[in-house]
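Visitor: So the chains spell out like this:
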Amino acid sequence: MNPMHFLKLEWQKFSPNTTFRILSVLYVVFFGLGVWLAFLIGRNLEIDNNGEMIRPAADLFTFPRSWELVAYAGSWMNMILLGFTGVFMVTLELSNRTLRQNIISGLNRWDLFLCKFTGLIAISALATLCYLFFGALAGFSESSNYNPAAALPPAGTVVCYFLQCLGYLLMGTLSGLYIRQTALATLAYLAYVLFIERIFYWILYLSLVKSSVFPVLADILLLLPNKVLSALAPFPVPQMALQMTGQQKIFEGLSEAGVWIAALAYIVLFTFLFFRRLRKADF
Amino acid sequence: MPSILSVQQLTKNYGSLTALNGLDLSIEAGQVFGLLGPNGSGKTTMLAILLDVIHASAGTYTWFEGRPEASANPRRYIGALLETPNFYPYLNADQNLSIIASIKQVKNPPLDALLDLVQLKERRRSPFRTYSLGMKQRLALAACLVGDPEVLILDEPTNGLDPQGMIEVRNIIKKIATQGKTIILASHMLDEVEKICSHVAIIKNGKRLATGAVGSILNKQPTVEVSCLPPEFDKLRTFLATCRLVEKSSYENTRFVLELKPEHSAAELNRLAFEQGITLNHLVTKARSLELEFLEITR
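Protein chains in written order, with this note's numbering: chain A, 13 to 295; chain B, 8 to 306.
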């Protein structure tokens, strides 16, 4: 079977599903709303820089910086909605025992993995297209007198967005595959990305502040999965403000290359765990 | 006959529980093969392993020996209904069957004919979740036939059905069996196996107790009850102990219950007894109950 065949199969399974359709619509609607709200609020944002009021967001809404803000708005959709989509795509099949039926009907374990993985790649690609649409829409509506070349999205930002989508989808999928029940797997996934990792990070961070190995360990903490995936589309305002005030960084953090490597490593790890589980599980 | 399936020493352990215990089996093309055993005997576990749904703890199996193309991905050549029908509840019959056809890489599957065969044409556009159990079971049978597979595996296909549903499903299976397909039918229902199967394997506690043609395993030789007047009783006992017609004998309620060797009849026995000077005052031929036979083997 070729990738298009796998894709067609996943499309046949999920395109008529109401929950899947609602999730798709919610992604687009909330993404659009998020961008609109960010632009509405951000335009008037001012920061006090030693008595001088600066508007860090002034050019955040025009090309090419607008791409970063739109990516950040989309990153929340990716974390919540795409993660849940990943959970749902597996638990729906587990609860109806259709993965089992797919194997009985003739898919081998490797085909089954390729089928699901191709589906996740396709969803990531569609989400990235959605990002490009809103990025272009926002940029064109706010920018005037821009250099046409600047309107093009930076390749790195687009690839990062795609990797973030894939990363969250894989995280959700793994959660569904190991926990097997939609409600529990969703709860576990959301609890991890929204609370557990953040609490864990800050508890360790604060307990390490006075340690002599603090700088090294603090950087290692940035390698937690959600931190890495979030860093693929970071909040752009602080970085802009820092550049305007002549500073380089407030927080120690991973370099851009570090984020890329860590994100790719997580995606490879999640993919491996996903395949391993599908290969070894009794359905 | 070419071998369709050959199983060697198949074992499955769930912790300390052994569901299958070194099971051997061989099925040839064209056989309608029954897997007979009480609930929990390991029939479904074995079929699930053969369909790659669960992994064996030990042992091997080979599908379609001598046919590399088919044995590389045997399930494309097999239609299977394992336990309950599993379909996407929000999809209708057409959509669910199309998914199976996509997996089996069947272009233009004859959905009309399949749905006609299982009498679901009228409800083909209804979501699967709205089907009754009998309709679900019938759709599963249609799904088994997508791609015109060489082998059908049917695990308790009449489970949970009402008598009407059972008859409908059995008729469909019989119809399919006439097409010369190899059918593997797992059931704990003896009459079902007897009516449909040509060969049978009896499984209990994960072990194979017997295998062969239905006639040779499930003895169809009737039992014969004989008795005589008390003065001739000892004579009859001695006669039966040495009679060449008698396979087995037991004594129950003043009567001897006999199992005759194949191709011998109660009339022959009566004639021989008479020649020995014994007049039987009770001679009744009883069809041997299948349940009794099964219980005897699995005892």
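Mixed in with the good hints, there may be bad ones.
Sample of chain B residues with no beta-carbon within 10 Å of chain A, all distances over it, derived [to be verified]:
#	residue
1	L58
2	D59
3	H62
4	R82
5	T91
6	F94
7	T165
8	G187
9	L243
10	E254
11	T261
12	H289
What follows is a set of in silico ranges between Cβ atoms, one per label pair, in the way DEER data are often shown [said to hold, decoys possible]:
#	chain 1	residue 1	chain 2	residue 2	range
13	B	G37	A	F42	48 to 54 Å
14	A	L199	B	D169	49 to 55 Å
15	A	L199	B	S64	32 to 38 Å
16	A	R121	B	K214	55 to 61 Å
17	A	Y190	B	P117	55 to 61 Å
18	B	P117	A	L144	40 to 46 Å
19	A	F145	B	S64	30 to 36 Å
Derived pair list, reagent style DMTMM-like, types lysine to aspartate or glutamate, alpha-carbon separation capped at 25 Å [what the hints assert, rightly or not]:
#	chain 1	residue 1	chain 2	residue 2
20	A	K20	B	D169
21	B	K143	A	E58
22	A	K20	B	D31
23	B	K214	B	E232
24	B	K188	B	E199
25	B	K143	A	D60
26	A	K292	B	E201
27	B	K128	B	D169
28	A	K292	B	E282
29	B	K214	B	E201
30	B	K211	B	D31
31	B	K114	A	D294
32	B	K114	A	D123
Please keep in mind that the hints were generated in silico from the structure rather than gathered at the bench. The structure displayed is predicted, hence computed values, not measured ones. We put the beta carbon where it would ideally sit given N, CA and C, even for glycine.
Visitor: Now, for every hint given, state plainly whether the structure supports it.
Guide: Here's how the hints hold up against the structure:
no. : hint                          : in the structure
1   : L58                           : violated (5 Å)
2   : D59                           : violated (6 Å)
3   : H62                           : violated (6 Å)
4   : R82                           : violated (4 Å)
5   : T91                           : violated (8 Å)
6   : F94                           : violated (7 Å)
7   : T165                          : holds (19 Å)
8   : G187                          : holds (22 Å)
9   : L243                          : holds (58 Å)
10  : E254                          : holds (43 Å)
11  : T261                          : holds (56 Å)
12  : H289                          : holds (55 Å)
13  : G37/B <-> F42/A: 48 to 54 Å   : violated (59 Å)
14  : L199/A <-> D169/B: 49 to 55 Å : violated (40 Å)
15  : L199/A <-> S64/B: 32 to 38 Å  : holds (34 Å)
16  : R121/A <-> K214/B: 55 to 61 Å : violated (29 Å)
17  : Y190/A <-> P117/B: 55 to 61 Å : violated (40 Å)
18  : P117/B <-> L144/A: 40 to 46 Å : holds (43 Å)
19  : F145/A <-> S64/B: 30 to 36 Å  : violated (52 Å)
20  : K20/A <-> D169/B              : violated (38 Å)
21  : K143/B <-> E58/A              : violated (64 Å)
22  : K20/A <-> D31/B               : violated (40 Å)
23  : K214/B <-> E232/B             : violated (34 Å)
24  : K188/B <-> E199/B             : holds (18 Å)
25  : K143/B <-> D60/A              : violated (68 Å)
26  : K292/A <-> E201/B             : violated (37 Å)
27  : K128/B <-> D169/B             : holds (21 Å)
28  : K292/A <-> E282/B             : violated (71 Å)
29  : K214/B <-> E201/B             : holds (21 Å)
30  : K211/B <-> D31/B              : holds (13 Å)
31  : K114/B <-> D294/A             : violated (30 Å)
32  : K114/B <-> D123/A             : holds (19 Å)
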